[in-house]
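Model the full assembly from the supplied sequences, consistent with the hints where possible.
So for the sequence shown, my numbering puts the first residue at 235; every next one is plus one.
No lab work stands behind these hints, which were simulated from the structure alone. It should be emphasised that the depicted structure is a prediction, and the values quoted were computed from it without experimental measurement. Hints should not be assumed to be uniformly reliable.
[Said to hold, decoys possible] Result set (DSS-like, lysine-lysine): computed pairs, CA atoms no more than 25 Å apart in a straight line: (1) K290 / K327; (2) K290 / K333; (3) K309 / K333; (4) K327 / K292; (5) K333 / K242.
[What the hints assert, rightly or not] Each pair of labels, with its calculated beta carbon distance range: (6) I313 / K290: 34 to 44 Å; (7) L247 / S302: 17 to 27 Å; (8) E330 / Y306: 27 to 37 Å; (9) K333 / K309: 13 to 23 Å; (10) P298 / E330: 17 to 27 Å; (11) K327 / A283: 17 to 27 Å; (12) A274 / G318: 33 to 43 Å; (13) L301 / V238: 19 to 29 Å; (14) E239 / L335: 31 to 41 Å; (15) G291 / D265: 23 to 33 Å; (16) I355 / R279: 14 to 24 Å.
Beta carbons are placed, not taken as given, at the ideal position from N, Cα and C, and that holds for glycine.
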Amino acid sequence: SIPVESSKAPTTLSEGFDVVGVDEAQFFDLDLPLVVEELASNGIRVIIAGLDMDYKGKPFGPMPHLLSVAEYITKVHAICQHCGNLATHSYRKINESGKVLLGEKESYEARCRTCYNMGNILDLRGEKQKENENDNTLF
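Below, the structure is given as structure tokens:
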């Protein structure tokens, strides 16, 4: 793995390789699809991983274009942390409006569409349940 500063870096770094992998593709600029198409046209297999939606449920970075030109797509889902169904959204648990919030694992949770749309009401229910579990007073 080689960290890169720009979406154009894989073009020069791919010389001599048959396969190039790009992780966290949603954070790259909109030039990434052009670079990927160039690599693929030169016979290099390109494998990309990234989130297709941001925390607002909107298309994220270059991912929509990459998905539209991909020859194969494998969509992997987490499990909703509230109901156990397949998660399709990343729910941001803190009040921060920036599109990108890095390194904050406690700030997001995987949710299905229904639980995502319920918003913070689920957080409030979870807090109340924890309070009840911690209140083990015997009379």
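Is the hinted range of 33 to 43 Å satisfied by the C-beta distance from A274 to G318?
-> holds, 38 Å
Is 34 to 44 Å right for how far apart the beta carbons of I313 and K290 are?
-> violated, 21 Å
Restraint status (C-alpha distance of K290 to K333 at most 25 Å) = Roughly 9 Å separates the two Cα atoms, so the pair holds.
Can the suggested window of 17 to 27 Å be confirmed for the beta-carbon pair L247 and S302?
-> holds, 25 Å
Below or equal to 25 Å on CA atoms is what counts here, so check K290 against K327.
-> holds, 12 Å
Okay, K333 versus K309 on CB: inside 13 to 23 Å?
-> 22 Å Cβ-Cβ, so the 13 to 23 Å window holds.
Going straight from one Cα to the other, do K309 and K333 come out at no more than 25 Å?
-> Holds, at roughly 22 Å.
Is the distance from the Cβ of K327 to the Cβ of A283 consistent with 17 to 27 Å?
-> Given a distance of about 23 Å, which is inside 17 to 27 Å, the answer is holds.
Do the Cβ positions of G291 and D265 conform to the proposed distance bound of 23 to 33 Å?
-> The hinted range 23 to 33 Å holds for G291 and D265, with Cβ atoms some 25 Å apart.
P298 paired with E330, Cβ distance criterion 17 to 27 Å | holds, 24 Å
Does the Cβ-Cβ separation between E330 and Y306 fall within 27 to 37 Å?
-> At 35 Å between Cβs, range holds.
Given the range 19 to 29 Å, decide if the beta-carbon distance of L301 to V238 lies inside it.
-> holds, 21 Å
Of the numbered hints stated above, those contradicted by the structure are hints 6, 14 and 16, listed in ascending order.
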